[in-house]
Structure formats: C-alpha cells, structure tokens
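Going down the list, the sequences are from chains A and B. Last residue of the first sequence: 265 in numbering that gives the first Met the number 0, with the numbers rising by one and none dropped. Last residue of the second sequence: 297 in numbering that gives the first Met the number 0, with the numbers rising by one and none dropped.
Please keep in mind that the hints were generated in silico from the structure rather than gathered at the bench. The reader is advised that the hints may include incorrect statements.
Here are some of the chain A residues that sit facing chain B, going by a computed Cβ distance under 10 Å [what the hints assert, rightly or not]:
| # | residue |
| --- | --- |
| 1 | P24 |
| 2 | L87 |
| 3 | T125 |
| 4 | T176 |
| 5 | I205 |
Covered, in the sense of this in silico footprint (three residues per stretch, anywhere, with C-beta under 8 Å from a C-beta of chain A), are these stretches of chain B [to be verified]:
| # | region |
| --- | --- |
| 6 | 73–82 |
| 7 | 126–135 |
| 8 | 145–151 |
| 9 | 161–175 |
| 10 | 230–241 |
| 11 | 272–283 |
In this text, a Cβ means the ideal position worked out from N, Cα and C, and glycines have one as well.
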Amino acid sequence: MVESRMVRIALRAATALVLAFIYLPIVVLAIFAFNPSRLQAWPPVGFTLQWFAEAAANPEVARAVVNSLLVGAFATVLALLLGTLAALAVQRYLFFGQQTVSFVLVLPIALPGVVSGIALQTSFVTLGVDFGLLTIVVGHATFCVVVVYNNVMARLRRLPRSPEEASSDLGADAFTTFRRVTLPGMRTALLSGGLLAFALSFDEIIVTNFTAGPGTQTIPIWILASIQRPDELPVVNVVALLLILVSVIPVWLAMRISSGEATRRV
Amino acid sequence: MTPRSADEPANPRRRLARWLYPRRRLQLGLLLTGPLGWLAIAYLGSLVILLVNAFWAKDSFTGKVEPFAWTLATFESLLRNEVYGTVAVRTVGLAALVTLTDALLAFPIAYYMARVASPRVRGALVIAVLVPLWAAYLVKVYAWRIILQGNGVLDWVLAPFGLEGPGLAEIANSWLVLSYLWLRYMILPIYAGLERIPNSLLEASADLGGRGPTTFRRVVLPLVFPALVAGSIFTFSLTLGDYITPDLVSDAKLIGNVIYDNSSLGSLPLAAAYSLLPMAIMIAYLLVARRLGAFENL
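Using the sequences and the hints, build the whole thing.
Written as structure tokens, this is what we have:
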C-alpha cells in the first residue's frame, strides 16, 4: 500500500459519510410506510400496517403492477434478442463501422431522456399510432438493448474460442455449436443482463411518461400521479417501499451472478 | 449421444449451416439486421421525425401540427423570448454543478473501494453502494420530498437551531437530489479506472521522490481522467434530460420542463425545436468525450 495512514483514515470517513447519504432517504421512506398519520410530517406518530392492506386492496395499483410486469417482460425479451445479436456481430466479426454500432446502441441512454421521450411521442403522434402498452415497450426495449449488449460483450470477450473450435472439429454445425457451447457459456451473462434490463424497465418514468398516453399506468406513472394527491400519500409510501425492493432484488441478483462483470455501464 | 457423420444431407439445418459457413458478410448481415434495424427505425427514425416537426407550422386555432408546412417561425419565437435562453443557461450550469459534485463525492469512496479496502470489504461495498443507487428513481425523488418539505425531516433536525428547511421551491434542491440520483454513474467508472492502475506505477512515483499529493496529481489523476469523463457523460446528460425531479423538488424550470410542458399543452413544434438544444449539446459532449478516451471506460 502506498497510501499513508492519515489518507486511509480520511478515505474511510468519507466512504462512511457517502454511504449514510445514500441510505438516508431510503430509511426515511421505510419509516413513513409504517406511519399511521395521513400527514407526511416528521416524526412519525406510531406504527401501523394498515397502509399495506390499503395498497393491496387498491385496484389502480394492481393494474399498474400488471402493466409494469408485462412491459418489463416484453422489453426484456426484445432486449435479450437484439442485444445478443448485436454483441455477437461486434465481438465475432471485423467490419467497417464496428465502432459506430456501439455508438448507436449507447445513444438512447447517452442522449437526455426528455429528448428520447419527446422524439418517440412526436413519432407516434405523426404516424398516428395509438398510445398504450405497446408504445411503452418500444421505448423501453430501445434503451434496454444496450444493457444486454454490454453484459454479453463482456462475457464473449472472456470466453475462450477453443471449445467452439473443438465442437466443430467433432462435426457439429454452427447452429449446434451455438446452442450447445456458446449459449451455455453466455447463460449467466444473459441472465444478469436480462435482470438489469427488467429492473431498468420496471423503474423508468422519464421516457414512459411520454410514451404511455393518458389511459395506461405503470407503477412509476401511478406514483407520479398520486404524489399530487395528498390523500393517497400513505399508500404511495408503501408502494414506493415495495418498488425499491422489487427493483433492487434483480440488480442485487445480477451483481451476484456476474460478480461485478455486469453493471459496468447502465 | 453417438457422434454424427459429417454428411447428413437430409438435415436442412446442417445444409444451411454449411452453405452459410463461407459467407461471412451474409452472417454478419443477418446478425445486425435485427438490432440495427430496430434502432434505425424506432430510435434514429423518431429523432428525425422530431427534427422535422421543429420546422413544421402549428395551426394557431386548433394547436395541431400542420405536416409539411415548413417554417422557421418556431425558432424565431425561441430566440425572441429570452426565457428560453435563461432556462438553457440555468440547466447547463446545473448539469455542470451536479457533475462536479458527483465527481467530488464519488472519488473518495471509489478510491477506498479500489485501493484501500480488503477484497471482501470491497465486494460488499460495491453491492452496498450500487444496489440502492441502481433502481427506483422516482421513489428516491419522492423520499427527498418527504425530507425537504415543510414539517419534514430536515425542518425537525434544524428546529433546535432556530433554522428552517428549504421547502420545495429552491433550485438548490434540484442540485442536491440530482447529485444524489446520478452518483452511481460517477462511482462505477472511477472505481474501475482506479482499480486498473498498477501499484508499481505509484511505487515508481514514490521511488522517484513523488510525495502523496504529487503522485496523486501527476500519476493517478491523468490515468483516471478518461473514466471521470465517461461518468460525466451520464451525470451531465441525465440532468439535461430530467423534468420530473426539478418539478417535484423545486420551482426552477429546466430545459426538460419546457419541453414536457409544451408537448402536453400541444405546442409540439416548440417542444421539438427546443429539444434540439440538449441533443446538440450532448452530441458535442459525446464527440469530445470520445476524443478524451472516455468510451473505453464506459
């Protein structure tokens, strides 16, 4: 170690402070979810589970959860397919414009969200497409592709080519080799990429707000609408806490599966 | 499974595989058609439609866009009204401030994770830091609202000192909450960048008489700079593109708010024209970042 004792102590203190900063809002939210008062004032006045029951009985919440799950599932499947194809092309072939492919794939998350949102909305309006679950999926799939792409790219880079060569030496055709050698090698990368894509989709609001149209609510859209209604806030607290858990679990799993290889980028 | 013989003419899959084998260009084309087609149609296509809408007129009675009625009137009105300039300067300034804040917050923790902590602590820290920062964007904004609003947590903490929280009006709230939200985009690349620096370089610097600060300034910083730029792409872009956080925690409108408000009020050409500004800023930013070597650190 090159760092002096003083530097290390200072770094440890700074790390602890940043960690406290990161967890502060989440802890506050968790406490409010059990607060019996309808007023969102600190400190809480007691402990109750009644808002959990109310959230469970709320039909709007149920519908939004179903919508979010559907959108997440479809967007993830599309992203897995498109992201894997793109990664195989860029990793396994040499061609002109290789760098441009990576650039174009990262564009949907590198450009400001409001630009992507208004661009998609304008296109749907101009082309006369009806807003609904499908328009949400189009937006989500577009920025989820890069997540899968990054995960699969990282894996393909590390995967040795010799098992594939052995497979074709033993008489397997390209499809069989892909199905029985390459695909199993990529399995955990696909799993963690898919989990991250799902988490990203489940949580997205900036673009979704533009592509959902008036009739369709996902969980984040329901939360955004309900924040404006003070009566709903206790239920919002509960749903928000659950959303944190639901969106954090896939990320946690993905990081465990890929042990840091994933989540390099978004 | 018994090994198959090399010739199985009846199997169409094998025949297709054999036919494709020498045709590398075709294989590549088949792989790329799906993803590039999707991005070209769904994303680049919609960016083009957005661009075109900025040059289309708007019916002043119905508020509907008149396709193919070309005009520069929207840009004229953007330039004539100085509010749009003020909002743009405010947004870019805030994006720069958020980026700087995140760099300052991320550096110590990334350094600790990459170079001081034991491998076990490091693994736990990576998860402890990144998992909560990864997800539930809206929930975190909402949690900050509970903290900042009148009678919120901050008011309660400050009350014994005779002070009051900022409420939900100040632009400083946007600065705080956006810095919080985008922190992970900065921590990760810096952490990865620091981890790649070999110890021997730091030892060499020390052997040559470089003290801590000198080594940091002349060895560590230049090596980690591209990673910092990579992180800044996201902190900067996400701030330019947000309209929900500034709306929920402050009264100060950003570029995103102007775009969103106009699109929902039906003034689509204006929203489209104005959105060309953050898009142009980010494309310029990306091109400079690529020059600085940031893309290898993405």
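Could you tell me which of the numbered hints above are not met by this structure, giving the numbers in increasing order? 6 and 9
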